[in-house]
Structures are given as structure tokens and as C-alpha cells.
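Q: Sequence:
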Amino acid sequence: MGRSLARPSLADVLVGQGFLPKQAVEDALRRLNGVAAALGPALMGEGLLSEEQLARALAAQYGLPYDPLTDFRVDPHYYETISVKLMQRYPFVPIAERAGVLTIAISDPHNLLGLDELELLIGKPLDRVVSSKSAILAALERSEGSSQALRELEAEYRSVLVKEDERGEEVLTVDHAEDQSPAVKLLDSILLSAMQRRASDIHVEAADRATKVKFRVDGILIPAMEPLDIRLHAPLVSRLKVMSELDIAERRVPQDGSFRMRLDRKTVDFRVSILPSVFGESVVIRILDRESITAGVSALRLDRLGFNPEDLKRFRRAITRPYGMVLVTGPTGSGKTTTLYAAISEMNTLEDKLITIEDPVEYQLSGVVQIPVNEKKGLTFARGLRSILRHDPDKIMVGEIRDAETAQIAIQSALTGHLVLTTVHANNVFDVIGRFASMGIDSYNFLAALNCVLAQRLVRILCPSCRTPMKVDQALIEESGLDYEQYRDTPFYEGAGCQHCMGTGYRGRKCITEFLDLTDEIKEMILAERPLSEIRYRAVTDGMITLRQSALKKVLGGETSLREINRVTFSEEG
245 MGRSLARPSL
255 ADVLVGQGFL
265 PKQAVEDALR
275 RLNGVAAALG
285 PALMGEGLLS
295 EEQLARALAA
305 QYGLPYDPLT
315 DFRVDPHYYE
325 TISVKLMQRY
335 PFVPIAERAG
345 VLTIAISDPH
355 NLLGLDELEL
365 LIGKPLDRVV
375 SSKSAILAAL
385 ERSEGSSQAL
395 RELEAEYRSV
405 LVKEDERGEE
415 VLTVDHAEDQ
425 SPAVKLLDSI
435 LLSAMQRRAS
445 DIHVEAADRA
455 TKVKFRVDGI
465 LIPAMEPLDI
475 RLHAPLVSRL
485 KVMSELDIAE
495 RRVPQDGSFR
505 MRLDRKTVDF
515 RVSILPSVFG
525 ESVVIRILDR
535 ESITAGVSAL
545 RLDRLGFNPE
555 DLKRFRRAIT
565 RPYGMVLVTG
575 PTGSGKTTTL
585 YAAISEMNTL
595 EDKLITIEDP
605 VEYQLSGVVQ
615 IPVNEKKGLT
625 FARGLRSILR
635 HDPDKIMVGE
645 IRDAETAQIA
655 IQSALTGHLV
665 LTTVHANNVF
675 DVIGRFASMG
685 IDSYNFLAAL
695 NCVLAQRLVR
705 ILCPSCRTPM
715 KVDQALIEES
725 GLDYEQYRDT
735 PFYEGAGCQH
745 CMGTGYRGRK
755 CITEFLDLTD
765 EIKEMILAER
775 PLSEIRYRAV
785 TDGMITLRQS
795 ALKKVLGGET
805 SLREINRVTF
815 SEEG
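For the sequence shown, the positions run 245 to 818 when this note's numbering is used.
What the hints contain is simulated information worked out from the structure, not anything from laboratory work. Do not take every clue at face value.
[Stated by the list, open to error] Here are the simulated DSBU-like cross-link-like pairs (lysine-lysine), alpha carbons at most 30 angstroms apart as the crow flies:
| no. | residue 1 | residue 2 |
| --- | --- | --- |
| 1 | Lys266 | Lys329 |
| 2 | Lys407 | Lys429 |
| 3 | Lys621 | Lys557 |
| 4 | Lys456 | Lys377 |
| 5 | Lys715 | Lys797 |
| 6 | Lys368 | Lys407 |
| 7 | Lys377 | Lys266 |
| 8 | Lys754 | Lys456 |
| 9 | Lys456 | Lys510 |
| 10 | Lys510 | Lys557 |
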């Protein structure tokens, strides 16, 4: 044990390696009453230290090498001697073996007892390198190619349906493995596979002789598996109806329901919509993984969404104004709600009362009063918004403006000293004005209330593991509205497709934005009913970055491809 006495403390390493200023570390230790063991997790929880930085610091403290495990895969022959469960429990991954000594990557080098136990279980002396816990778990997830690993996982993944009794307490209903029908097993494996591939929706469609299952990943449909036998379709849909508590006998009218499942130690909500089609019922299941969303929301910051720096600065300024209306616009599924949630997370100070009215409330935010719309009981956006105003809010978020009544109350609230964040369906910044005019809203009041309009879309980001510079042909460059001579030698990137991105070449999405600040001059031009082209020209000379320019910046920065931005935005002629 002589070595450990001379080991520097984590606090000294963090300061010495320049991860954090001395003051920040001392403050954290004071908050923890000097309990040094809790320092790392506490700094991570407060967002002062990333998981990777902590792993690097621990490696330096223990004099061990650090390995980021980028794209690392476990060699399948290790699975023959070491169980996956053991790797997941610690967690660790075997990296290499030399002269009978096994090198493993771990995240907590201070757990000496655990390491002794591991040496006994594996029966070999161990050498250590340090990596972050999530990198180790990601490496394990990537490596589960061997059948033995999958069998073990399936045994752990026994899915459990969660129902609520009258008092709202969860009652678990377990389907025993022995009497599970093929439909039940099939559905479980579809749901699991969707979760592992980060799908947002599952589509089950009946065709002439087969059932097709597709996943929507990053906004694009991809086939989930080979087409299934059409005979499986009816039992599969019936199983879904049983889980969602819908009428099994009814096959000719649309039905909507939802169910909850506990998969791999976390509870996931699924919303189900069933439509009758020519060859049988067509099903779409929306996945609401609350826990990953909540983890995402706590880390939700506007700067992570992909805004360009100028728009980010302007949008942040708009949401800190004391009153007025901030409008976010775009088609369905363009990330409007996420942007508003990120804005609320940033504004959520203890001094302000924030109330939201949404349909439905997708993620719970702490410190915010959230009201779900309930059309059946007569709680519409308009009625809810009226009641909200009696609750003395400082900032209000209205999920969506669909009708003139909601629009009127939202505008009144913005004019009477509240900051109102809301969304409306329109294609770009200037369509919004026409959209409100078509609802019969008086443009003078509307413009007086409006601070800014943010239009946004989502573009898929190239997979970091397989993006490569490509020579783009002249036709595509010109089709994209670019000058071939100017962009001839520019490196454009494409995704080659690898197993990380399921062969799509893309992984994850970010938003592209168009931000219009309603300056007095622009308001006057709108009121004077100047042509839209003139107003747009004025806005661009004032420094507005259009959606297309915002998308091009992402292409030139190597984040996405020309084909992707052509899918999402029009090329601007002229």
C-alpha cells in the first residue's frame, strides 16, 4: 500500500492539470464538507466537469494511461471466458492480453476491492487503463455481436408491462416466458431493437403478402427487418391492442392508446395509433423514452442544438426580454418544442414563475408548472391560457397557436407584461405574418406584441465514424444553387455508412435556423404592406441569416452533406 500514500489528491490533479481553477475545487470541497471521495461525481453533477475530463484526471491521479475507447470493439473471443453481465456490472471491457496479464478499461481506479474481486473471478492478473463509464458501456453496446452475449442480454431484458391501478400506483404485469406466444416475443424484440437504434417511431404496415416494419431514426424511415409473414400481422396488432387497452374486435375505425413498459431497468412510454388500411391495420408507435429525455432536458442548452453563433446570441437576447412574444415556427417534427424547452431551461430562475400549456406535456421540467390540454374535458389552449393568467406568471409557454382565440389571448398576454413563448406552423419567418392575418388577427396588435420569429428545421449530422471527404460532381453543386467554379475544390463530406449509424451515414440531428428580429423598421414595412420580397431583402441586409445559408454553413463546416440540406431546404435563386 506504500504507493497510495504518495498519490496526489483528485483536487490537486484537477487544479494541476488545468481542468478547473483552484477556487472552484475548493468551493466544491467546502460544499461537500471536505468529503474528497464525492468530489468527482459532485463536480460532474454541477456541470463543471465532463465525464471524459474526470476520467482523464483519475488516470493522471493513479498514474494510469487514459483510453477514450473511440470506436473500440471487444474481441469476441473474450466472451467465451468472461460473461457480458460481469462486464456490464462493473463496468469494464477487456482490451488486450500479454504474457498472461489482461489489460482492462475501468472508470473507477479507486475501487481496489472490486478489482481484487475481478482478478479472482477472471483468474488472471489485471492491468488497468482508465476510461469514462459511458464510453465503456457504449463499447459494450457496440460489441454485442456474439450470440452468447445476446442470449444473456435477452434473459435480462425480460420486458414488463406497467399498468396503473386507481390510486395511480404502478402494478406490474409480467408475461411469463414459457407461455409467451410468437407475437408477444416478436413485439418485444421489435420494441427492444427500436430502443437500441434510437428510433423515435415504429411503423407496422400491412402490404399485399407481407408485413413491413420500419423505424424512424433521425427523421428518416429505415426498414427494421425483413418483411414478416402476413399471417403474423393480425396477432401482432391484437397484442398491441391488448397492451394499449383498446378494442380488439374493432378493426374498421381508427383507435389511439398508449402503454408503458419497463425495458432494461427503465420505464418507457409508447403511444399507439392504429388506422384501418386496405390490407389490414396500419400501426404507428411513438416512443417517449422519458428517462433519456429527462436526462437530455437537464443537459438541454440552446448552444447544444446547433444554432449558429449569431442566431444564438439574438435568440438568447429575445428570451431575456421582460415581455413580448417569441415565436418559433417550422413544420411538424422540426424540433420546435425542444428549442422552447431549452429556452425554458435557460430562463428557469427561481425569481420567475413559469407556466406552460402543452398538448401533450412531453417532458417534465422541474420548477415549471405544466398543464396538459384536455380537449375531451373542454380544457383547450385558449381556456387554459385564460386561467394561467390568473396564476400570476412571468413567462408562459403555449404549445401551439392553432386558432384565432388562442392567438388573441397570447397577444394580449404579451402586451400586458408577460413573456410568451409559442409555436405556429409556417414554412418560414415571413409566412408567419400571413398565417396570423388568415386567422383574422389585427396586424397592429400582433406586431406590437411580437419580439422575434425563429424558423427552424432539423438536418441530420454526418456520422463521425464514417464521414469522408467526397468529390462532388458539377451537377449536384449547380443543383444546389452554388457556383461550380467557386466551390470546385471545396471538400464536401458524405457518410460512407458503418455499423454505428446502421449504414445510413448519419447520426443525430441539429437545427438550422433563420432568426428575424422585429425591428421598428421592419414592423413599419409590414404595416405599410410592402411586398414580402422587399421586407426579406431589408432583413437580410440587417444581417438575417436565411435557413439555406445556415444549412450551407453546416455543409462547409463538414457537419452535414449537400444532399441532406437539399432534402430539407430549397436552394435560393437570385
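Q: All hints, please: hold or fail.
A: Hint-by-hint comparison with the structure:
{"no.": "1", "hint": "Lys266 x Lys329", "result": "violated (40 angstroms)"}
{"no.": "2", "hint": "Lys407 x Lys429", "result": "holds (19 angstroms)"}
{"no.": "3", "hint": "Lys621 x Lys557", "result": "violated (41 angstroms)"}
{"no.": "4", "hint": "Lys456 x Lys377", "result": "violated (37 angstroms)"}
{"no.": "5", "hint": "Lys715 x Lys797", "result": "holds (18 angstroms)"}
{"no.": "6", "hint": "Lys368 x Lys407", "result": "violated (46 angstroms)"}
{"no.": "7", "hint": "Lys377 x Lys266", "result": "holds (26 angstroms)"}
{"no.": "8", "hint": "Lys754 x Lys456", "result": "holds (29 angstroms)"}
{"no.": "9", "hint": "Lys456 x Lys510", "result": "holds (28 angstroms)"}
{"no.": "10", "hint": "Lys510 x Lys557", "result": "violated (37 angstroms)"}
Violated hints, listed in ascending order, are 1, 3, 4, 6, 10; each of the other numbered hints is respected by the structure.
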